[in-house]
Amino acid sequence: GAAYARELRALREDDSVSAVVLRINSPGGSASASEEILRELRLLREVKPVVVSMGSYAASGGYWIAAYGDRVFT
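Remember, the numbering used here sits 4 above the position in the sequence shown when you count from 1.
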């Protein structure tokens, strides 16, 4: 979770990035990792559009994170 959270933070702070497409393909996992990613996703969404693309799996934390996209595609 920490590596993905760092990447989302870097994208938020990068002025050359105007929007983010987040591909989620996860069967679930750690609730704390999902919370860490979700925190950064919320901050990112305040300054840039976030589009979520759901893969074959988006269970548990993956589904939870997907709910915070501006647009969600399956």
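One should not assume that every hint holds.
[As the list claims (entries may be wrong)] Calculated lysine to aspartate or glutamate pairs in the EDC-like style (CA-CA distance at most 16 Å, straight line):
1) 52 - 74
2) 52 - 11
3) 52 - 18
If you are wondering where the hints come from, they were derived from the structure by calculation, not from laboratory data.
Hint by hint, here is what the structure shows:
1. Taken as a hint, the residue 52 and residue 74 pair is honoured in the structure, with Cα atoms around 10 Å apart against an allowance of 16 Å.
2. Note on residue 52 and residue 11: the hinted pairing holds, with a Cα-Cα distance of about 14 Å set against a maximum of 16 Å.
3. Taking the CA atoms of residue 52 and residue 18, the gap is near 10 Å; set against the 16 Å cutoff, the hint holds.
Checked against the numbered hints listed earlier, the structure breaks none of them; every hint is satisfied.
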